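**Q** Heads up: the sequence lines are chains E and P, in that order. Residue numbering for the first sequence is 0 to 437, as defined by numbering that gives the first Met the number 0. Residue numbering for the second sequence is 0 to 437, as defined by numbering that gives the first Met the number 0.
The set of hints was computed from the structure by calculation and includes no laboratory data. Here the structure is a predicted model, which means the values were calculated and not measured. Quick reminder that beta carbons are idealized off the backbone N, C-alpha and C, glycines included. It is possible that some hints are incorrect.
According to the in silico footprint, chain P covers these stretches of chain E (three or more CB under 8 Å from chain P) [what the hints assert, rightly or not]:
{"#": "1", "segment": "59 to 69"}
{"#": "2", "segment": "244 to 254"}
Non-contacting residues of chain P with respect to chain E, defined by C-beta distances greater than 10 Å in every case (computed) [said to hold, decoys possible]:
{"#": "3", "residue": "66"}
{"#": "4", "residue": "82"}
{"#": "5", "residue": "436"}
From the structure, some residues in chain P lie toward chain E, with a derived Cβ separation under 8 Å [what the hints assert, rightly or not]:
{"#": "6", "residue": "42"}
{"#": "7", "residue": "69"}
{"#": "8", "residue": "112"}
{"#": "9", "residue": "136"}
{"#": "10", "residue": "140"}
{"#": "11", "residue": "255"}
{"#": "12", "residue": "256"}
2 protein chains.
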Amino acid sequence: MRRSRYFLPTLRENPAEAQIVSHRLMLRAGMIRQSSAGIYSWLPLGHRVLRKIEQVVREEMDAAGCQEVLMPAIQPAELWEESGRYHDYGKEMLRITDRHERPMLFGPTHEEVVTDIFRNSVRSYRDLPQNLYQIQWKFRDELRPRFGIMRGREFYMKDNYSFDIDHAGAVRSYNKMFVAYLRTFARLGLTSIPMQAESGAIGGDYSHEFIVLADTGESAVYCDRAWLDTDPLAMGIDYEADLQPIVDEWTRLYAATDDKHDPAACPVPEDGLYQGRGIEVGHIFYFGTKYSKAMGAKVTDPDGAEVPVEMGSYGIGVSRLAGAIIEASHDEAGIIWPEIAAPFKVGLINLRAGDAACDEACEALYSRLVEAGVEVLYDDRDERAGVKFAEMELIGLPWQVAVGPRGLKVGTAELKARAGGEAEALSFESVSARLIGG
Amino acid sequence: MRRSRYFLPTLRENPAEAQIVSHRLMLRAGMIRQSSAGIYSWLPLGHRVLRKIEQVVREEMDAAGCQEVLMPAIQPAELWEESGRYHDYGKEMLRITDRHERPMLFGPTHEEVVTDIFRNSVRSYRDLPQNLYQIQWKFRDELRPRFGIMRGREFYMKDNYSFDIDHAGAVRSYNKMFVAYLRTFARLGLTSIPMQAESGAIGGDYSHEFIVLADTGESAVYCDRAWLDTDPLAMGIDYEADLQPIVDEWTRLYAATDDKHDPAACPVPEDGLYQGRGIEVGHIFYFGTKYSKAMGAKVTDPDGAEVPVEMGSYGIGVSRLAGAIIEASHDEAGIIWPEIAAPFKVGLINLRAGDAACDEACEALYSRLVEAGVEVLYDDRDERAGVKFAEMELIGLPWQVAVGPRGLKVGTAELKARAGGEAEALSFESVSARLIGG
């Protein structure tokens with residue numbers, strides 16, 4: 000993509016309304032714009048990040064045996080009357096009356112809709128287990144939306160719902176999601192820690208929150224330092240195998256949020272205790288037959304008896320992850336994207352646009368990289384070098400390549416990793432090889 | 000994907016509520032389920048189709064130089080007050096009041112939001128042209144939703160918005176979309192015909208509807224038979240070149256919908272006139288400064304004067320296309336997917352699941368195809384062959400491979416194209432080669 004044509008309205012000044020770093024940087028980097036309180040448009044750079052994150056989430060859901068669906072945003076109130084949540088849910092639910100005066104709502108979650116689909120479609124234990132997921136915009140009418148997309152009203156979420164014939168099956172489904180979540184956040188370059196959690200409005204017997212560590216996180220967290228050295232991607236996962244030992248291993252270590260941490264009762268000695276801050280990015284629930292009983296979602300078991308199906312639900316804040324990655328990975332100059340979530344892999348800077356030799360060298364490198372499938376943002380504008388460097392630092396692409404007259408005389412360009420390290424003068428050949436290979 | 004694990008609730012009977020073939024087949028094939036009037040969930044098979052169609056639309060938008068964004072579903076009413084449409088739009092607009100009693104709405108279209116983004120971001124003609132698109136769920140509160148997803152209330156749409164400094168630029172943008180639309184529908188296996196149209200609620204000077212031909216289409220269309228022989232994919236398109244000659248060539252031929260066709264005035268002799276039925280799947284508008292003037296979206300021109308930006312908007316009904324393809328391509332037994340929109344390319348039928356030789360041969364073929372990147376639905380269930388064949392016909396995958404004991408004895412499987420032709424007994428080697436190669 001050529002910068003001269005790219006819709007990238009960056010800001011030089013810090014927007015006054017942004018209190019936290021991700022909000023500030025997302026506005027400054029032209030990723031988002033507010034439309035109304037807690038409601039944002041995602042501009043091209045932000046949209047690319049959102050899609051990258053979504054794709055990682057999708058791959059891990061698919062790998063764990065989930066199947067993708069898409070349920071409607073607008074739900075009929077009557078389903079929530081059936082489950083008993085319509086009056087409980089409070090003002091966060093955006094209630095709507097359609098032209099025929101029917102009460103509807105903009106879905107804050109989809110337990111009722113998916114249970115309705117299930118009860119109309121599945122009759123027998125032979126069709127279980129099932130695990131359906133969607134990635135979709137949801138709405139919660141927050142009293143005080145703030146922190147940009149981190150606590151917005153319209154937000155992008157992956158939610159899924161498992162259906163099993165019995166408790167043991169439901170635990171297997173829960174464990175799969177537990178492992179898939181650890182993998183998902185790790186692939187996005189985040190250290191996530193599962194913590195036992197309250198079930199809140201979803202209800203249920205068993206629940207974990209996944210908190211990613213970030214110095215600027217919203218809540219204080221305490222955990223065994225051993226967490227920091229564990230890598231969920233180090234082991235291969237067979238989702239058909241028994242995952243209980245892995246889950247046990249992962250839940251063995253101490254971890255607690257502020258409201259649950261009791262220094263007096265903490266089993267970890269002080270020098271082994273990590274105290275930091277974190278951001279909730281995922282939540283998993285096992286709630287058994289709460290919805291299936293209320294809504295009559297039954298299947299026949301092997302003995303021919305009709306039993307309510309065992310369910311769980313699982314959420315990841317996809318748009319929130321964009322903010323969480325920034326909170327966890329930035330410096331004074333701007334964002335530092337991990338490659339997997341970066342809007343482009345490479346920022347190519349023409350230090351003297353209009354100079355025939357610079358233009359030619361940049362065009363050749365740009366074509367070569369694009370043809371090799373590398374995503375490049377090429378700053379071809381007639382702007383000062385300082386402006387271009389500052390913008391590249393701000394938007395945080397993993398690699399910067401600068402091409403100028405001085406280097407060109409000796410046949411080199413400068414390659415620099417955004418995450419740190421010095422710029423290296425390398426031949427164009429080496430630059431291509433490094434960026435195409437890596 | 001193994002059929003035994005796939006969430007595919009097919010129906011044997013025709014649902015009484017479905018009046019048109021696409022609605023009937025989408026319900027029967029387990030693609031969709033109604034959640035409330037005109038509002039549907041997309042189950043795994045339907046969701047795969049939706050994503051395939053979306054990807055074609057995205058590729059053609061990207062090729063034409065558009066950039067993807069995502070604007071919010073929930074819009075503030077005040078933007079529509081500015082444009083003057085809030086009170087005009089009528090009951091199709093789903094109006095919402097949030098918890099702070101602010102009037103909001105579920106976006107039926109996004110001219111206001113995108114104009115707001117533009118006016119806050121772009122100041123100079125040097126940053127033009129721009130063309131921003133999104134693919135997103137929209138809501139129109141139809142008085143009588145019907146025909147399944149063809150006239151639903153919540154629907155998936157690609158909409159984009161062009162911004163140019165002057166009329167000539169706006170026409171260039173319009174022409175790009177004209178060509179991109181023809182290419183998009185052609186790639187989806189549809190014959191589309193652009194027809195001059197009224198501008199309706201969007202307003203504007205110049206507008207075309209794109210109608211795809213289908214015998215079961217909603218409206219009568221008349222056109223020069225020469226349309227039927229034209230192939231928009233036959234020529235390479237350079238979006239940087241002047242597209243006016245191509246647009247002129249395409250609009251030279253006669254085409255009119257029922258309400259505009261006047262037999263007495265028709266320039267095409269009767270034997271050259273095609274009379275058929277069609278479905279509107281796209282609509283493009285040039286409306287100049289209608290929104291930019293009302294909302295103050297101005298840029299400086301090369302002379303330093305502030306001028307309102309010239310705009311157009313362009314829509315494709317992505318969910319509607321799923322129905323339109325079915326209307327255009329089905330038979331008595333079910334859907335006939337073109338490969339590009341098919342949920343899977345191949346249906347593999349194990350004619351005797353449980354038989355060791357059949358299981359082994361199927362597993363080997365399944366693994367081989369999946370490893371080669373071919374999307375396969377493998378019917379591994381313990382069901383009668385007739386049930387399996389009927390379901391494959393119904394869901395319409397482009398290729399069927401049947402493996403049974405009789406063929407296995409001589410080392411063959413049966414390969415059949417859903418679109419027609421006899422089943423061919425082929426070696427497993429040949430079956431793989433045909434499906435991987437083709």
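**Q** Out of the numbered hints, which ones does the structure contradict?
**A** 2, 3, 11, 12
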